[in-house]
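J.: Residue-level listing of the chains:
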Amino acid sequence: MSTQTITPPTQTPQTAGHQNGSGITFARALRSEWIKFTTVPSSVILIATTVVVMVGLAALSAWSFTVLAQSDAQLPPDVQVPLEGPGSAAAMALTVSSSGLVFGQLLIASLAVVLIASEWATGMIRSTLVAVPRRSTALLAKALVVSVVAFLVGFVSALLSYLVSQPILGMENMSFSLTEDGVLRSIVNSGTYLALIALISVAIGILLRNTAGGIVTAVGVFFVLPLVFELISGLADWVTEAARYLPGQAGMEMVAITTSDGALTPLEGGLTMTAWALVLLIGALVVTKKRDV
Amino acid sequence: MIEVQSLSKKYGTKTAVDDISFTVQPGKVTGFLGPNGAGKSTTMRMVMGLDNPSAGHVTVNGRHYTQHRAPLREVGALLDAKAVHTKRSAYNHLRAMAATHGIPNRRVEEVIELTGLGPVAKKRVGGFSLGMGQRLGIAAALLGNPHTVILDEPINGLDPEGVQWVRHLAKDLAAQGRTVFLSSHLMSEMALTADHLIVIGRGRIIADAPIQTILDAQSTSRVRVRADRLHDLLNGLAAEGVTSQLFEPELVEITGVEPRRIAEVARREDVLIYELFPLQVSLEDAYMQLTQDEVEYQSQNMSDMNSISASSEGR
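Protein chains in written order, with the numbering used here: chain A, 2 to 294; chain B, 46 to 360.
Hints listed in this document are in silico derivations from the structure and should not be mistaken for laboratory results. Any given hint could turn out to be false.
Straight-line C-alpha distance at most 25 Å; calculated DMTMM-like pairs for lysine to aspartate or glutamate [to be verified]:
#, chain 1, residue 1, chain 2, residue 2
1, A, K291, B, D96
2, B, K59, A, D293
3, B, K216, B, D277
Computed from a predicted structure; not experimentally measured.
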């Protein structure tokens, strides 16, 4: 082991830091976060699991739509659901690409929380913020990496779901094309939805700085909270109204093929969920600025 | 160069760092010495912009750490060895840190070589010993080839070879004109490594001086003397206001006068001196004297308990 040499010996150490292009840029912070993302095994495992679960669920629901169509055909004509239009098996089948999203969101939320909260759990955050002392730069770089990955996971999973489900739906002549109304938008917005889920989860992770607590909170917001609103919806009309603005409920309108009466449009839903993400993220950054690490 | 001005840090009602000011100069190794909990790590975290001061401010190379465009090229710090994701390899950890400043992988490999991490660089940090963790922390600190290097308890957990390596490293860095600031609670280590010493206790600066000055100030010129007619010698010295302690008929320890003066008096009194040995106060003794107040304060706080065990714990 060498004990003598620090290479290279600096002639004028005072100026070492002031060379052009030697400092922090957002692109470099992104690159660092990308390296961090790809060099822990949990990222790869959770992403692979998410894709498999989402595509698997889509295949299962495609299968269940064909079973529904079959059993429907055996019923007396007066109780049959219509072959066309809302409520028909064929109309429901159009949603097949995004049918895994409800569970996919929980895995992506967990991934996002783990990636950010583990920084505090392991002490890595101190190395991170020594390298990039502007906390908003460091945290936004991570949030961006996580949400771009989440977008790709959502988009690719939805596209694969579409492709896998077509042969299954084809058995009952229910296959449909990508150009069908809302189908492509739904597939792309599956990605957008997971990206926003990731941003909200990153914000929760920053605020709580605790992996387990962060995951529980995220699952609570995206999974339990809608159920609670559902349960108490009988109490007052405004409960049902308010439930539409929950981040998950609002965001799901982006992937819905048809907008039901009184629901938010895909654009309104997307903007509502984006607003949630921005408010939480800005809150998390403000809080972090004042904290000791 | 690190400049600390009136820096304070309070956690609720507890004051961890209490209005301290000091400057760490380039070109020498400055030791930051104090018992556990004295405020060393808190101060260093404030230097690195991780903790926000309650009052006062601190600059490194002329600016607050967070204001530097390329902070890793200005300051490198080992704050705690385990500030690393346990599932990531040492190599990837350093690569991720380097990427923030566009530092090439060549430099990553250099610091791995330099710190002797080569054989374990591709292994997960979670399995590292404390010593390996320290080496990784030092590697990260050196990544940007910085002008100022801050090492918090760098020799913790290192084997003897590693301790010696850190000692050489600190001196080499200082010899290159860099600012080297390292903390320790081990006085013996500081005596070997540091040129300048800042002693902190209970969040306050107790001493800030070159190591030799601290030793000199604390040594009250104690001299061990063997002579044949001690009685005459001591009588001759009586006018000088000395205190003496007789150990053997011809062995005495004289405090309060220079060895040369003793020899002069001995010649005048025609006393034969056959041993004259100045007793240097060790840095350890000096440190104990400096922090004595703090220790006593501690034991008073624990007055219900056995005060002897409390005070020895405080040390």
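J.: Compare the structure with each hint and give your call.
T.: The hints, checked one at a time:
1. A/K291 to B/D96: holds, 9 Å
2. B/K59 to A/D293: holds, 15 Å
3. B/K216 to B/D277: The given pair, whose Cα atoms are some 49 Å apart, is violated under the 25 Å limit.
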